[in-house]
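S.K.: Line by line, the protein sequences are chains A and B.
For the first sequence, the working numbering gives the first residue as 1, with consecutive numbering after it.
For the second sequence, the working numbering gives the first residue as 153, with consecutive numbering after it.
To be clear, the hints were calculated from the coordinates, so they are not data collected in a lab.
Fair warning: there could be bad hints in the mix.
One side only, chain A facing chain B, incomplete, derived with CB under 10 Å [as the list claims (entries may be wrong)]:
#1 V6
#2 G21
#3 D26
#4 N30
#5 T41
#6 L46
#7 L50
#8 E62
#9 L63
#10 Y64
#11 A67
#12 C99
#13 V146
#14 A148
Remember, predicted model here, so these are calculated numbers, not experimental data.
The beta carbon of each residue, even a glycine, is placed where N, CA and C say it ideally should be.
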Amino acid sequence: MTFRMVTPKLRLTELLRQAGGLAVADAVANAEQGLQSIRPTCLAELKELLEQAEACLAATGELYDEAGVNDLYRLAVHGIGGGELCKVPDVDAALASLCDLLDAFRTTEVYEREAVAVHLRAWRLLMSPDAPGQAPELVVQGLRKVSARFAA
Amino acid sequence: MALDPSSRARFNLENACVLLLDDTSIGMSILTQMVKGFGATRLFRCDSVEQASRIAQEQQLDLAIVDSGAGGQGFDFVRWMRTNCNEPNCFTPVLITTAHTPVAHIARARDCGSHITVKKPFSPLVLLERIIWVAKEGRPFLFTDRYTGPDRRFQEKEPPKGKARRQDDADSRLTLLDEPPTPRKAAS
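For reference, chain A alone in the conformation it holds in the complex (with noise of 0.2 Å):
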């Protein structure tokens, strides 16, 4: 077996600390400005990843189909991040339980429609930001409960 061990010298440590560049504080500050100015185009495409998502699922059988699950997969986790960025949190929580859930799937070859069906029906739900007091949590933890019922 070979072995060899080295410390190399960054670039980057060097650069960070060259003068000028930003303080902590306005560099957050432009980060949180940058963010907000992508936020309607975010939800536009967090509403087509659900509407895909939906269509994928009414295309799909009861039985396992793998290339199913697969694209649910991908359209779950390529929403998630967004939910937080568009004010609507929970939305990636229930993407992150879909994930884990489809996951199962993959690993067990065992299916059950109706527990994706009710993450993209949550999904719709969380979607909206007038959503009343825990409802949102409460809908979360739910979700949790159905994808931990199918962990492998």
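Starting from the known structure of chain A, fit chain B onto it as the hints suggest.
M.R.: Just chain B now, kept in the frame of chain A:
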């Protein structure tokens, strides 16, 4: 690792060449806005591993932020960078972002040779903390038959209570973020 969001400490990313790899438009938009907000101007935005590989062969990269991707292709790209790129790009600090890591990809994630993994969704402050952390770590880099990348055995420990920090420890911690000096009061 916690960074104070109201800190006036400064850092400079203006001249850093940063590669962003994310095949999702939402993910790429978020990353771009964050990194541009941090002052980076030399960005290479790639939506495929093929495009990122070309850039990694043509440009000297100071930082790479790579999404793992739904199929784990981001892990493969980092592994390729570590084993196929010439110096200095084989040592480039790499942050992996991931929305979800399937059970089947855990070993790939662990062994690909990234410096750190950040779970989506993340805030600008978290990303900035991680960028600064990978830059100042100065971790040893290992080349073995089965793994190439930064040493995965590391700890951030405070010095033991009641004992002075050894000189070696102090030297290994680079102070990247220097608070601006406090203005002195005029002598009365």
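S.K.: Run every hint past the structure and note whether it holds.
M.R.: Hint check results:
Look at V6 (chain A): its Cβ gets to within about 5 Å of chain B, closer than 10 Å, so that hint holds up. A least Cβ separation of about 3 Å between G21 (chain A) and chain B falls short of the 10 Å threshold, and the interface hint therefore holds. With a least beta-carbon distance of about 8 Å to chain B, the hint placing D26 (chain A) at the interface is held under the 10 Å criterion. For the restraint placing N30 (chain A) at the interface with chain B, the shortest Cβ-Cβ distance is roughly 4 Å, inside the 10 Å limit, so the hint holds.
For T41 (chain A), the suggested interface contact is upheld, since its CB lies about 7 Å from the closest CB of chain B, less than 10 Å. Of the supplied interface hints, the one on L46 (chain A) holds, with its beta-carbon coming within about 7 Å of a beta-carbon of chain B, less than 10 Å. A cut of 10 Å between beta carbons decides the hint on L50 (chain A): the least distance to chain B is about 12 Å, and the hint is violated. The restraint placing E62 (chain A) at the interface with chain B is violated, with a minimum CB-CB distance near 23 Å, outside the 10 Å limit.
Given hint, L63 (chain A) at the interface with chain B, is violated; its Cβ is 21 Å from that chain's nearest Cβ, farther than 10 Å. Of the supplied interface hints, the one on Y64 (chain A) is violated, with its beta-carbon coming no nearer than about 16 Å to a beta-carbon of chain B, more than 10 Å. Hint on A67 (chain A) is violated. Least Cβ distance to chain B is approximately 13 Å, over the 10 Å limit. Contact between C99 (chain A) and chain B, as hinted, is supported at the beta carbon level, the nearest pair being about 4 Å apart and thus within 10 Å.
Hint on V146 (chain A) is violated. Least Cβ distance to chain B is approximately 16 Å, over the 10 Å limit. Because the smallest distance between the Cβ of A148 (chain A) and any Cβ of chain B comes to about 14 Å, over 10 Å, the interface hint for this residue is violated.
When the structure is compared with the earlier hints, violations turn up for hints 7, 8, 9, 10, 11, 13 and 14 and for no others.
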